[in-house]
Structure formats: structure tokens, C-alpha cells
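Participant: Whole structure, please, built from the sequences with the hints as guidance.
Chains A and B, in that order, give the protein sequences. Just remember that our numbering sits 13 ahead of the position in the first sequence, which is counted from 1. Just remember that our numbering sits 47 ahead of the position in the second sequence, which is counted from 1.
If you are wondering where the hints come from, they were derived from the structure by calculation, not from laboratory data. Among the hints, a few may not be true.
Going by beta-carbon spacing under 7 Å, a handful of chain A positions derived as facing chain B [stated by the list, open to error]: (1) Y45; (2) S106; (3) N118; (4) I122; (5) E125; (6) G139; (7) P151; (8) S154; (9) T157; (10) T191.
Chain B is nowhere near these chain A residues, computed Cβ spacing over 12 Å in every case [said to hold, decoys possible]: (11) Q53; (12) S147; (13) M218.
Residues of chain A clear of chain B, computed beta-carbon distances all greater than 12 Å [unchecked claim]: (14) A19; (15) L27; (16) E41; (17) L135; (18) V155; (19) M207.
No residue lacks a Cβ here, since even glycine has one placed at the ideal position from N, Cα and C.
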Amino acid sequence: MELTLASRDALTELINIGYGRAAGALSELTGYRIMLEVPQISLHEIASIGPMLEDILDGRVASVNQAFTGSMSGNALLLLDESSAIALSRLLSEDRSVDARLDSNAREIITEVGNILLNACLGVFGNLLRVPVSFSVPMLSVDTIPAILESVAHRAREPLQFGLMIHTRFRIKTGNVTGYMVIVLGIASLDRLMRELEQWEQRQMQ
Amino acid sequence: MSERKPSSVSTPRSLPFAPGGSVAQDWMQTLVPHGLFTTDRDLRITSWNQWLVAHSGLDASGTVGRHLTDVFPDLEARRLTERYARALAGEVSVLSVALHKYLLPFPSTVPESGYSHMLQSARISPLPSPGDGTVTIIEDVTQREYQAGILNRQQELDRLLSAALATLLQAGDPAAELNGIFASIRAALSLDVFAGFSLPGDGSALRLNQASGLSSKQRELIGQLPVGPSERRALLRPAPPSTLTVGGLSELLSEMGIHSRFVFPLVVGERLHGLLVFGSYRRLSPTVADVGVLFRIARYVGIAIDRARREQETLAASRAKDDFLAALSHELRTPLNPVLLVASDAMANEEFPESAREAFRVIEKNVVLEARLIDDLLDLTRIAHGKLSLDLRALGVHSVLRDAVGTTLTDIRERGLTIRMQLSGTEPRVFGDPGRLQQVFWNILKNAVKFSPPGGQIEVTSAVDPSGKEIVVSVTDSGIGMDPEEISRVFSAFVQGDHATPGAPHRFGGLGLGLAITRKLLELHSGAIEARSPGKGKGSTFLVRLPLITPLTPDQGDVPSTRAEDGRIPTRPPFGASRRILLVEDHDITRTTLSRLLVRRGFQVTSVPTATKACDAARHSTFDLVLSDIGLPDSDGFSLMRKLRDEFGLKGIALTGYGMEEDLARSTDAGFFAHLTKPISASVLDRSLEQAFQDQG
Numbered sequence: 014m015e016l017t018l019a020s021r022d023a024l025t026e027l028i029n030i031g032y033g034r035a036a037g038a039l040s041e042l043t044g045y046r047i048m049l050e051v052p053q054i055s056l057h058e059i060a061s062i063g064p065m066l067e068d069i070l071d072g073r074v075a076s077v078n079q080a081f082t083g084s085m086s087g088n089a090l091l092l093l094d095e096s097s098a099i100a101l102s103r104l105l106s107e108d109r110s111v112d113a114r115l116d117s118n119a120r121e122i123i124t125e126v127g128n129i130l131l132n133a134c135l136g137v138f139g140n141l142l143r144v145p146v147s148f149s150v151p152m153l154s155v156d157t158i159p160a161i162l163e164s165v166a167h168r169a170r171e172p173l174q175f176g177l178m179i180h181t182r183f184r185i186k187t188g189n190v191t192g193y194m195v196i197v198l199g200i201a202s203l204d205r206l207m208r209e210l211e212q213w214e215q216r217q218m219q
Numbered sequence: 048m049s050e051r052k053p054s055s056v057s058t059p060r061s062l063p064f065a066p067g068g069s070v071a072q073d074w075m076q077t078l079v080p081h082g083l084f085t086t087d088r089d090l091r092i093t094s095w096n097q098w099l100v101a102h103s104g105l106d107a108s109g110t111v112g113r114h115l116t117d118v119f120p121d122l123e124a125r126r127l128t129e130r131y132a133r134a135l136a137g138e139v140s141v142l143s144v145a146l147h148k149y150l151l152p153f154p155s156t157v158p159e160s161g162y163s164h165m166l167q168s169a170r171i172s173p174l175p176s177p178g179d180g181t182v183t184i185i186e187d188v189t190q191r192e193y194q195a196g197i198l199n200r201q202q203e204l205d206r207l208l209s210a211a212l213a214t215l216l217q218a219g220d221p222a223a224e225l226n227g228i229f230a231s232i233r234a235a236l237s238l239d240v241f242a243g244f245s246l247p248g249d250g251s252a253l254r255l256n257q258a259s260g261l262s263s264k265q266r267e268l269i270g271q272l273p274v275g276p277s278e279r280r281a282l283l284r285p286a287p288p289s290t291l292t293v294g295g296l297s298e299l300l301s302e303m304g305i306h307s308r309f310v311f312p313l314v315v316g317e318r319l320h321g322l323l324v325f326g327s328y329r330r331l332s333p334t335v336a337d338v339g340v341l342f343r344i345a346r347y348v349g350i351a352i353d354r355a356r357r358e359q360e361t362l363a364a365s366r367a368k369d370d371f372l373a374a375l376s377h378e379l380r381t382p383l384n385p386v387l388l389v390a391s392d393a394m395a396n397e398e399f400p401e402s403a404r405e406a407f408r409v410i411e412k413n414v415v416l417e418a419r420l421i422d423d424l425l426d427l428t429r430i431a432h433g434k435l436s437l438d439l440r441a442l443g444v445h446s447v448l449r450d451a452v453g454t455t456l457t458d459i460r461e462r463g464l465t466i467r468m469q470l471s472g473t474e475p476r477v478f479g480d481p482g483r484l485q486q487v488f489w490n491i492l493k494n495a496v497k498f499s500p501p502g503g504q505i506e507v508t509s510a511v512d513p514s515g516k517e518i519v520v521s522v523t524d525s526g527i528g529m530d531p532e533e534i535s536r537v538f539s540a541f542v543q544g545d546h547a548t549p550g551a552p553h554r555f556g557g558l559g560l561g562l563a564i565t566r567k568l569l570e571l572h573s574g575a576i577e578a579r580s581p582g583k584g585k586g587s588t589f590l591v592r593l594p595l596i597t598p599l600t601p602d603q604g605d606v607p608s609t610r611a612e613d614g615r616i617p618t619r620p621p622f623g624a625s626r627r628i629l630l631v632e633d634h635d636i637t638r639t640t641l642s643r644l645l646v647r648r649g650f651q652v653t654s655v656p657t658a659t660k661a662c663d664a665a666r667h668s669t670f671d672l673v674l675s676d677i678g679l680p681d682s683d684g685f686s687l688m689r690k691l692r693d694e695f696g697l698k699g700i701a702l703t704g705y706g707m708e709e710d711l712a713r714s715t716d717a718g719f720f721a722h723l724t725k726p727i728s729a730s731v732l733d734r735s736l737e738q739a740f741q742d743q744g
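Facilitator: Following this line, the structure appears as C-alpha cells:
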């Protein structure tokens, strides 16, 4: 299954709207201007997502995972390599310590940031696509990519087959923090997403 | 009774969404250890649990039914109402304590933590039916954050301590690192002032050595602190660092407005090395951990200073030993000097009957041997301590070898030996210390002479090794030879061949140090020595290998230049009466003997015992050469020579009993062109004089 050019454009636009909102929320929270790059969107079979992510994210990864349910269900993940996560939490908390681990403060901050970004993204599904979804509480884990993906699959309600990869980079102040968002969907949910996308496009044209 | 409030108001309203019936509802309402409240879609509070009542001081009557922002107006200002708007739109929000500290302003539950508010993490979620309202769960994390803060601080202090320790361990002079260490800890411990005192001399006063955060005037005030015996005793006893005082220090600091003071004596065992003072202009209430850090730093500093001081003492002791050896060598050689001069001169004096000359020859020989033994013992001690330094330069092996042969010619002649030299065609160049290499060859030659029977033959050859990288010098004698077992021991110190076994007649003398020193010296030159012998009575060969600077092809080396030398004593140089020598020597007997010897050789000699008199003499007369002792009563020979060279353009020969390398280097520095180590034999002196006047033209 592949994304048509049209639906990719539509998704990019949608996600971009969501991101705009996320950047606004994040910059309000932190008091810094947040620079978000235009996200790149692609669709992959779940089996190939692991190796792809492992190519770009080395070692241990901080992931914020928020499940959503409703007429569309799946998992949204924000992935940051450990050093980006530490850098981000330090920027937000003005923490000057030299500790190279994610302590409880840093974990909370990353969870909150993930929560804001993921909600902003998923919010557009509910608001614009008129597919209401409800969210679980976000969970943070620091682990390797395969372990993270395995635990997502384990908790899913339907067999997960596709992953929508949203690849973006955001910069806060001087810190360069690269993050990736992945939305993992089952086949039924993906089908629903595609149909809603089409309808949304038609509504835009009217 | 009529005053009783209706129960619906005094008990918080039940939570509207609790699944699983009333037990769960009751639990959430009364027992759950978290704050739990709900709002409707207009953000009016609809339930308020017991935990919230307990911590906010507001019961349900004061909250339920009211708008959230009416009860907590600062939510608006802190932009947290937006999270409620999102919850109404179906999103779950988490609020981290790190970014928001708290959601609702409740008093702190951990008073000692210093936080004014209860620290909270919160989750704001939509109620299960979207649009119905929101539910908020608040967790009190004050205790957790407080403990984490303590742990973080402990970690930070540990880090500072180990950094300070690492600095001190690496420092040669720990006291010099104190300002740096203070700079690293001052912020973490809220300190403003640091002062480091040492206890020099007789220990009657502490002296300020390092200070930070003090003006020069303040430094002056506490620059010297007298330490009486009772204060000294007090400093050696453990005491709380805020109470310790010495020499009015506490009062002085107090007058400067340094309200918090921590004074630590630097004590190791019974040794008091000084004092460290940390202070702050603020009134601090330091924790036990903070004072503990300062205490441990002071302890580390004390130990480091103690260690450094003991290292210095050891070093000084070792230097004292070297000086002692040098002085010993001087003292042992000085009396030999006149004896050798008289003997070596008299044995060549044709005016004496042959029997007398023979007696002088015996005296001369034994004095030289005695001097050699002193040298060998000193050399071996220095080699053993790694103290022997070489003055390495590029030099020709053959010229060194010829010099060494030259010094043994007298012995060769006396024993009726013949020596043949067959050296390779090209002068092989090596990096070496000329004096030490000459000593190497001299030792080997001396051995060959010593163990050869009268009429024997010594052959010296040199050849480039087939690899082209080494020059091999061999000295073969027709002497007593060695068996394999002797060969294996020949280079060990204090070992001689079987001829010297206890009980056996000790025909050959010596302590057996020469070859041991020779091997060590060659090792220092990256060279090697090897002994060979076909057996007892069949002669020995010693092979010396030295690495060449420029590799030569063996062909180049194979062109032999054969030159036979007999053992003729060189004729006494024809010294003219026109030469004037200034002799400076404080040892009366040596001065008189030497002066007489020089006069007999036709020189005009002015001899003086001190440097001052030498300068006077130089001012009033003209001299061609200075012959000066190094250890003079009023100055040292180096300064004297420098002065004579600079003011009168004189050149000189140094005479000294000190055989240490640094003396040789200093001697050249000062302007001596030759350095003769006492005792000096007449022939050695003659050679130097000859060279001096040749150079002068």
C-alpha cells in the first residue's frame, strides 16, 4: 500500500496545521521561539519501520507513546535520541547540571513535550477530519527502537500493520534537537483515515 | 442543631464517573492519596475529594459549584486554563513539576524543603463522555523532589571533592592549587572568602600564603598570626570549624564582616602545616554535608602538603648524600695530590739514583690506583642511582681510543709489553660522552696490561660490523685468560677472576669494579661489551660495540691502516721560561708541590691561596695561564675564572677533587679549557700544559 501523491499532500498539510499549533503551545510553555521544519510524511509496513528508525536513531531512544481510540485507533510516538532528549529537557528547565542521564525531572519534561506535540498532531484528525478520538495518558520509555515498537504492538487493540512516519526536526534556541513522530495504525484505521482524507480534500475544494 | 450544615455540603460531592460502583467511588473520594476533582463543560467544579480538602483548606462547600478560575485565579495568569480547554476537546494533558512546579497553589507538605508550595504533577483529562467535562488528578511530589534535590547536591559535592582530590594528587606543590580548588567550590557552598596559611620556620606564626575574596588591606590584617604554645596545642585537637580561632583570627574576620567562618588546621599526625579558612559575608546555615565537604577538602590538602613536604625532605636527603659523596671524594683525593705530584716528578728525575726512582714509581702507581678506586666507587654509586648523566655528542671513536692508549703507554712500557693497533680506514662516528668512552677503553686496556705477562702483546683493532650499523673495537691480550665460568661473572661488580678468590694470592689488586662500570657506561651509550677467551692462560679478547651515527659499509671499514706503537714515554715538552702561570690553590702542601714542579719545568709561577689574592695578582702582573682549584675559601674557582677571563682575557685549567659531571660542565662554562681531577700526575699536567700553549700558538 502506498500513499498517493494527493493524499500525501493532504496529510502533510494537515500535519503541518497540527504542528503549527504544537509549536505555539511549546513556545508558550517554554518562552522560546520554536522552529519546526516542514514535516516529511511517508507510509511504511510496520516490519520495515524498525530498521528504518534504527538507521537514524542510534542507541537508546526516549519515546513518548500515546494511544488513541475511537473510530480510528492506534499509537502515536514521539522519538528522540537520548542526547536530544537531555538537551531538550535542559533547555526547558534551565538545568545546568552535567548529568548525562534522563533524571525524573527530564523524564517529566519530555513526557509533557511529547504530550503537547502528539495531541496537537492527533487533534487535527479529530478537528479537521471529523474523526473523534480519545487519548490515553502519555507514557515515556527509554529503550531501544525494537523494544519500543514491540511494546506498542503488544498493547494494540487490532493488529498493527502500517506506520505513518512523520519526520521533522525542531530547533529551540541554539539547541538542535531532532525528533521523529510515528503514528502506527491498523489496516481498518488506515482505511478510515484515507477515506476521511479524501472527503477533507473535497471539502477544501468546495 | 439548626446550625448543623446540611450533609450534602459538608461531605464532598460524589465523583460522577467512578466505575465499579460505590466502593470505588468511596475510595476515590476519601482514601485515594491524590487530589481528584472534576469540572463540568463550563469548568465549574463538580467534585472535590478529601485529599484536596485536607491540603487546600477549602472544603467542598467552598469549591463545588464555583468556577475553577474563581477559586484559583492564577490558573489564568499561568496559561493553564488552556489545558482545560484542550481537555474539553478530548485531549489528555500532563503537567510536569519541572516546568510548572504546581497546578493548584497549596502549602508545602515538607516544611524543611524550603519550597513555598506543594510541588505537584498533574494530569488533566476529558471525562469518559466527551464534552461532559474534565477530571484532574494531582500528585504531591514535594518529598520526592526534596529528596532528589538532596541527592543531586550530594552528587555535586562528591564531584567537587573528587575533582579537588584529583588536583591535589597531581600537584607537585599542593598549596599552589588552593585558589583553583576554592574557585571550584565557592559557588556550590555559597562562600566568598578563602585564606590559606602556612606555618614556616620555628612555627611561632602562621603566614598568609593564598587568599581569595579579600582586599589587599584585609590580607595585610591577617598576614601574620602569632601562634602561642597553647594555641598550637588547641590546633592539634579536633574542634568544630566555626569555633576554632588562632592569633585573634576570629575577631579580625568578624570585623571584616565575614559572618560565617570555617577554620581548619592542616594537621597530619602531630604535624601542623598551616590553616585553611573559608568564609562568607552572609550568615550561612550550612548543612552537615556542606561542612563535611570543607572538612574533607582541608583534610586532603593537609595530607597532600604533608606528602609534598616529605618528598622534598627525601629529595634534600638524597641531594645531601650526593654532596657528601662529592665532598668525600674531594677529601680523599686532596691528600693524594702532593704525593702524586712529588712521586711522578721524582720518578722521572734523572738526578735521583735508580733505586729511589723505582721507589717513587711504586708510590706513584699506588696513588693512581687509590684515586682510581675512589672514582670507581663514586661512579658505581651514581650509576646505581641513575644519577650518571652523559654529555653526548658526535665524536670519532678512533681519536678517543688513541687517547686511551696514550694514557696506558707508560704502563705498557714498564711491563715490557707491545701494543699493535689496527683501525678501520674511516673514522667511525658515534654519539658518546668523550670522557666516559675514554674511561671505557682505558678500563679494558688497563685490564689487558694488568693481566698480561711481561713481554706480552696487546692488539687493538676496530672494524665496522657486517650490518654497517655498529663499530666493533676489540682489545686482545696474551694474558692469563678466563674459563667460561669466569667469563660469565666478569662484568659483575666486586667480582674478579679466580686469581682473586679468597685465600688465593691477590696478585692483581682492584675491587673488580672497572668492568662492571664499563658495561654500565656502554649500556648508557646503547652499546655492549663482550668477553671471550679460548681458556686459562690463552689470553682474552674484549669486544666493544657502539652504534654508528651514519651507517658505513663494511667495505669502507675494511681498508686497514696499520700503525704500531711502542711504549715510549713522550719526551717532556720544551716549555720556555717566558711562560707565566698564576697558581691558585688553598691546600698548602699541594700548592707548594705544584709550584715547585712548575718552576722546575721553567715556568714563572705566582702562587696564591685565595681568589681575592688571585685577582690582585692578575691586576698587577701579566699571566699566560691560570691553574686554579675549584673549592677556594673565599669564592669558587668558577666565579674566579669567569672574572679573570672577562677582565684579563686569561685562560685556565681547573684543578679539583670534585669529580661530578655538573662540575665538569660548569668548569667549561666558566671558561676553563681543561678540567683536571685530582690527584693529578705530572704527565697528565704536562699534557694539558702542552696543549694550552700549543693552542696559544
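Participant: Are A/Y45 and chain B close enough, Cβ to Cβ, to be under 7 Å, as the hint says?
Facilitator: Result: violated, 12 Å to nearest chain B Cβ.
Participant: Quick check on the hint: A/S106 CB to chain B CB, less than 7 Å?
Facilitator: Holds. Min distance 5 Å.
Participant: Regarding the assertion that A/V155 does not contact chain B, is the least Cβ-Cβ distance greater than 12 Å?
Facilitator: 16 Å, holds
Participant: Close enough to count: is the Cβ of A/T191 nearer than 7 Å to one in chain B?
Facilitator: At about 21 Å, which exceeds the 7 Å cut-off, the nearest Cβ of chain B leaves the hint on A/T191 violated.
Participant: Would A/M218 pass as off the interface with chain B, using Cβ distances and a cut of 12 Å?
Facilitator: Holds, since 26 Å exceeds 12 Å.
Participant: A closest beta-carbon separation below 7 Å is what the hint needs, so does A/T157 meet it against chain B?
Facilitator: Not OK, violated: A/T157 not within 7 Å of chain B, min 24 Å.
Participant: Are all beta-carbon distances from A/L27 to chain B longer than 12 Å?
Facilitator: About 16 Å separates A/L27 from the closest Cβ of chain B, which puts it past 12 Å; holds.
Participant: Classify the label on A/E41 as holds or violated, using whether its beta-carbon is more than 12 Å from each beta-carbon of chain B.
Facilitator: 6 Å, violated
Participant: Beyond 12 Å on every Cβ pair: is that true for A/M207 relative to chain B?
Facilitator: 22 Å, holds
Participant: Verify that the Cβ of A/Q53 lies farther than 12 Å from every Cβ atom of chain B, and report whether the claim holds or is violated.
Facilitator: 25 Å, holds
Participant: Evaluate the condition: distance from the CB of A/A19 to the nearest CB of chain B exceeds 12 Å.
Facilitator: Answer for A/A19: holds, closest chain B Cβ roughly 28 Å.
Participant: Min Cβ distance, A/N118 to chain B: is it shorter than 7 Å?
Facilitator: 4 Å, holds
Hint violations for this structure: numbers 1, 8, 9, 10, 12, 16, 17, all remaining hints satisfied.
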